[in-house]
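Here's the letter readout for the chains.
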Amino acid sequence: MTDISTDILVVGGGAAGLSAASEAASCGARVLVVESDLQLGGQLVKQTHKFFGSKDEYAGTRGYKIAGILLDEIEECGRGVEVLTNATVTGYYAEDKTFTVMRGEDSYSRIKARRAIIATGASERLIPFPNNDLPGVYGAGAVQTLMNVYGVTPGRRVLMVGAGNIGLIVSYQLMQAGVEVAAVVEAMPRIGGYWVHAAKIRRLGVPILLKHSIKEALGGRVVEGAVITELDDKFNPTGQERSVDCDVICLAVGLSPTTEILSHAGCKMRYVPELCGSVAERDRTMRTSNPDFWSAGDAMGIEEASAAMVEGRIAGLCAANSLGLPAKMEKLDEYWARLDHLRAGEVGEKIRSGIVKVSRGGWEACCNE
Amino acid sequence: MELIAEHPVLDLSYFKRGEKVEFTFDGASMEGFEGAPIAAALHANGVRVYRETPNMRRPRGFFCAIGKCSSCFMVVDGVPNVRTCVTPLEAGMKVETQHGRGHARIAPILPE
Amino acid sequence: MSESESLFNSGILTDERPGAIRPPCDKWKAKKSGLVIVECPQRIPCNPCATSCPTGAILPFEDINDTPVIDYEKCTGCAICVAVCPGLACFVVDLSFGKDKALYKLPYEMLPLPSKGDSVTCLGRSGEALAKGTVEAVIEPKRDKTYVIHVSAPKEFANDIRAIKVGG
Numbered sequence: 001m002t003d004i005s006t007d008i009l010v011v012g013g014g015a016a017g018l019s020a021a022s023e024a025a026s027c028g029a030r031v032l033v034v035e036s037d038l039q040l041g042g043q044l045v046k047q048t049h050k051f052f053g054s055k056d057e058y059a060g061t062r063g064y065k066i067a068g069i070l071l072d073e074i075e076e077c078g079r080g081v082e083v084l085t086n087a088t089v090t091g092y093y094a095e096d097k098t099f100t101v102m103r104g105e106d107s108y109s110r111i112k113a114r115r116a117i118i119a120t121g122a123s124e125r126l127i128p129f130p131n132n133d134l135p136g137v138y139g140a141g142a143v144q145t146l147m148n149v150y151g152v153t154p155g156r157r158v159l160m161v162g163a164g165n166i167g168l169i170v171s172y173q174l175m176q177a178g179v180e181v182a183a184v185v186e187a188m189p190r191i192g193g194y195w196v197h198a199a200k201i202r203r204l205g206v207p208i209l210l211k212h213s214i215k216e217a218l219g220g221r222v223v224e225g226a227v228i229t230e231l232d233d234k235f236n237p238t239g240q241e242r243s244v245d246c247d248v249i250c251l252a253v254g255l256s257p258t259t260e261i262l263s264h265a266g267c268k269m270r271y272v273p274e275l276c277g278s279v280a281e282r283d284r285t286m287r288t289s290n291p292d293f294w295s296a297g298d299a300m301g302i303e304e305a306s307a308a309m310v311e312g313r314i315a316g317l318c319a320a321n322s323l324g325l326p327a328k329m330e331k332l333d334e335y336w337a338r339l340d341h342l343r344a345g346e347v348g349e350k351i352r353s354g355i356v357k358v359s360r361g362g363w364e365a366c367c368n369e
Numbered sequence: 370m371e372l373i374a375e376h377p378v379l380d381l382s383y384f385k386r387g388e389k390v391e392f393t394f395d396g397a398s399m400e401g402f403e404g405a406p407i408a409a410a411l412h413a414n415g416v417r418v419y420r421e422t423p424n425m426r427r428p429r430g431f432f433c434a435i436g437k438c439s440s441c442f443m444v445v446d447g448v449p450n451v452r453t454c455v456t457p458l459e460a461g462m463k464v465e466t467q468h469g470r471g472h473a474r475i476a477p478i479l480p481e
Numbered sequence: 482m483s484e485s486e487s488l489f490n491s492g493i494l495t496d497e498r499p500g501a502i503r504p505p506c507d508k509w510k511a512k513k514s515g516l517v518i519v520e521c522p523q524r525i526p527c528n529p530c531a532t533s534c535p536t537g538a539i540l541p542f543e544d545i546n547d548t549p550v551i552d553y554e555k556c557t558g559c560a561i562c563v564a565v566c567p568g569l570a571c572f573v574v575d576l577s578f579g580k581d582k583a584l585y586k587l588p589y590e591m592l593p594l595p596s597k598g599d600s601v602t603c604l605g606r607s608g609e610a611l612a613k614g615t616v617e618a619v620i621e622p623k624r625d626k627t628y629v630i631h632v633s634a635p636k637e638f639a640n641d642i643r644a645i646k647v648g649g
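Protein chains in written order, with the working numbering: chain A, 1 to 369; chain B, 370 to 481; chain C, 482 to 649.
Next comes chain A alone, as it looks inside the complex (with noise of 0.2 angstroms):
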């Protein structure tokens, strides 16, 4: 067991955990970025297609070029952000105000931190079917890792089960591996992600099948293919079935924020349907009733990277500024006019109807030390 210390404890090292580190790093705090995978970058690293937003969030960038930005700041900030990978907070002690971290598979380190920012991402969700356990039932997420990480062939054909923006965008990115995407299924009457994703498949001849779902996966030992079926407007099976032939069943049916640090910490939490899970109330400055707690990102309700990315450098600069550091507190106003500019649309109208709905406002008067 070793010990660390530092100023700022920043918990995932994604779109959110990067900016919130590079900005409270670049006001003068010592951070600390521990990461559960094997490289720094999160979702970005795995992204070919190019981002929307503005300007501000490198629109018309691809998401790996997007992640590489984030990794040039972090090495610009020298000896300002230390990294840990391959590491995963395990838990929090608040009586010491303790973090514990398992390193590899077996070994254990404490940190102890002034502040966290909790930027711990999502995890996919999973719909049951028979045999879904199967090898082969992959969670999208698992897939762009295998193919766009490691380089790593996922299958030759894949069903999609779900038309957001994930089940859109790594639909294409198979057909860019090289691999077949024999359908994606849909249980809504529409598509969810946003709709040129979904004509840049369709146009290149991959189905998108509405008011559809899968039903079983079929095989012995692994994935040999799939049955899906219709539903009807209460999604009940019509009886309309049919085989689909597949070797990987890919499942982007949706995401949970990863909080169990933030609830360990004692953060006032809520369910919100509209940002999928239960999720830490917040201020302005996204910090939590637990006045040492921050976060950003997924974690605070499922949305885009680009948003992400703007909430990280919020609360990496307001737990900065917490700490008695120079911050420039006037960005706090730029930063949320991106954010508000980013949830305008059509799209963004559940986000904003979530946040709502945990926003505080109140700490941000007592932020300063």
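Hints were generated in silico from the structure; no laboratory data involved.
Keep in mind that this is a model prediction, so the values were computed, not measured.
Among the clues, some could well be false.
[Stated by the list, open to error] With a cut-off of at most 27 angstroms between alpha-carbon atoms, the simulated DSSO-like pairs for lysine-lysine come out as follows:
| # | chain 1 | residue 1 | chain 2 | residue 2 |
| --- | --- | --- | --- | --- |
| 1 | A | K65 | C | K623 |
| 2 | A | K268 | B | K437 |
| 3 | A | K97 | B | K437 |
| 4 | C | K626 | A | K55 |
Assemble the complex: chain A is given as a structure, and chains B and C must be docked to it using the hints.
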């Protein structure tokens, strides 16, 4: 090996592929890239089943790839319940299918 | 729900809507090097088409969620937007290209990359094969792996050809 040989956007050098090393899976010799997760190396070798569940003996494989779901637990160099999706491959590793819960190694406790 | 609406809901443009308006016919026919067709009928936070248009033909957005509006007087068919649009939703069709053939400038991010002179299959919005086309140029305007492929193909598909398939 089931590897992506060309990609319209990513340069092959982008893929995290360390030096090619040998390891074994249930005694069979295989090749993989050092530093990439064990699970990815197995997948590239066509291996899909990583463990069997304790009671139902259901096959389990790769699933979440972020060290959270326990689907890819395997016995690595005699240690059970290793999260192979976030454990880097090393030369000479002995990787085995995990049957059930795995057995704890009884080893003397040494001072740190 | 109508058939056309459910097709639209699955990602296929079925008729004109804000953000997906066809160029006026008379201007389009006469315009050398073509006019842009944008198929971006949903308000999403994205503006690179407008900010990168060198002539201001894609009018500046008031809100980043605006759908594109085009001033066809200013459009030169340069296809910069085709290369930068993150949604691959911009296309240029040049009806002045030939007697029976139009020149389609289409975004392409797949393999294999075609070469000038190759024969390709031109696809419609649901991936249906519409015609054979000939690759006239392969351009990578931003050096970022989004190619703009110039393909000559029958004019009659000006409102339909939106992608190509190379080989097979």
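Hint by hint, here is what the structure shows:
| no. | hint | verdict |
| --- | --- | --- |
| 1 | A:K65 - C:K623 | holds (14 angstroms) |
| 2 | A:K268 - B:K437 | holds (24 angstroms) |
| 3 | A:K97 - B:K437 | holds (25 angstroms) |
| 4 | C:K626 - A:K55 | holds (19 angstroms) |
When the structure is compared with the earlier hints, no violation turns up for any of them.
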